[in-house]
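The listed protein sequences correspond, in order, to chains B and X.
The first sequence begins at 8 in our numbering and counts up by one.
The second sequence begins at -16 in our numbering and counts up by one.
If a hint is listed, it holds; no wrong ones were tucked in.
Taking lysine to any residue and the SDA-like style, the derived pairs with C-alpha atoms no more than 25 Å apart in a straight line are:
1. B:210 with X:60
2. B:210 with X:59
3. X:-5 with B:76
4. B:210 with X:81
5. B:210 with X:76
6. X:-5 with B:193
7. B:210 with X:159
8. X:-5 with B:88
9. B:210 with X:80
10. B:210 with X:61
11. B:64 with X:195
12. B:210 with X:55
13. B:24 with X:57
14. B:210 with X:68
15. B:210 with X:161
16. B:210 with X:66
17. B:210 with X:64
18. B:210 with X:160
19. B:210 with X:77
20. B:64 with X:191
In case anyone wonders, no lab produced these hints; they're calculated from the structure.
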Amino acid sequence: MATDLSSYLGLLSFGDKGWGDEFLAGAWMTIQISVSGYAIGMALGLCGAWGKLSGNKVSFWISESYTTIIRAVPELLLIILLYYTGTTALRNLLVMIGFGEDVQVNAFAAAAGTLGFVQGAYTTEVFRGAMLSVPKGQLEAAKAYGMSASLRFRRIMFPLMFRYALPGLSNLWVSILKDSSLISVVGFSELLFSGKTAAASTKDYFFFYLATAAMFLLLTVMSNVGIHFVERRLMRGVRRA
Amino acid sequence: MSLDFFLGMFPKLLHGTYITLVILLLSGLIGNALAVGVALGRVSKNPIVNSTSYFYTLLMRGTPLLVQIYLLYYGLGSIFSHTPAIRQSFLWPYLRDGFWYGVVALSLNTAGYSGEVLRGGILAVPHGEIEAARAFGMSKWLMLRRVTLPRAIRICLPTLVGETILLLKSTPLVSTITVLDMMGTANYIRVQTFRVYEPLLSAALIYIFLTFVLTRIFRWVERRLNRDRVEPVQIAATAAPSPDLQPNL
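The shape of chain B in the complex, shown without the other chains:
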């Protein structure tokens, strides 16, 4: 165990002796899986919200059960369940349709897919609420102009809906950033996992978990600053009281 301040700082240095470079690599991996998971969640969320609002009964029930089940089950359980069973199922499927004898599912893809699938349920609800707040007249006017459904979505629905969705989406970004730490439980190497490895090999548990927490705090605070700017930019055309 380290004893004084300079030896603690030495623990965070780069190179063979310190853990600084491992920490930075972990933080970078956390950002990567969070961004990928967020993107997957956005795609699923748009599909889910469309499924809920399109008026089709089948798609409604599929999206409704997706959001209900995912949001009622703890994230940790979902992540363990999806990470183990999802990769096995995908591998069996790929082998079955003839992608070779044994296919290894990339750990990064499995992690990002798992996080994204969970996040998608929450994103669906955010998008659904936002789509419902778009004034009906706007969509009717677009229809009256003879815009096609996809053009209507691209030019009217999406830009208008996005403003209402923004606060919810910002919260979801911060939450996926933090939830991505759960993926360390299945042995995927990200920020918390590097902290865990460093703590276990130096026995400086308190110091390294504190450093991990500080790193996460830095990421969330930086995100909040970024979100503030995006929000201000997107709200330029909105009258404020």
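Knowing the structure of chain B, use the given hints to seat chain X on it.
Coordinates of chain X only, in the frame set by chain B:
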């Protein structure tokens, strides 16, 4: 998949459910009690108190709960176990057990989240009611106890209920520090028997059931506490989008 396997697994999972509920109850009570302090600190005019509680909520909401749990259990725990005075004290049996670290971590975390919610509730108490209480000559604490807090809690009750459901969904994290709650039990069975689907899916079903029952109970509590309002106020469904979000055409 056999019936025997399920019958053998079920009592274990039930005991895990009991542990989960105990953790939920303890950390919900302690966490929300602490949240009152955090919220009062956040609305305090004293800059030191105010910034301390702001920093506290920032810490709790800005770092993952799993990191907080590890920091307490492995971090503080390793310091405790290297301190002879603590090792020999009567508290050591508690300070060795993951259960109490889990309860403390969850309580502190809830205090951060619910404190921020309660702060919103306190700020939303109608001004006239506080003025009326002052006009009655109520002292600061009496006003807090009789007017501000009861009103604030009722105002943000739906959000606090949501936080409690989130707390239920956070309890499985204690399984990572050796606590055999429901998630821990299911994971233990998975590791012991090499069966993934049966224990984990059963646990998922029990969590869905618990969420359902808890929402029902809280809905009943909400209706009881808001008996003076004949019709529950429906804001989201009927009201038009708020005017400040209208496009500036």
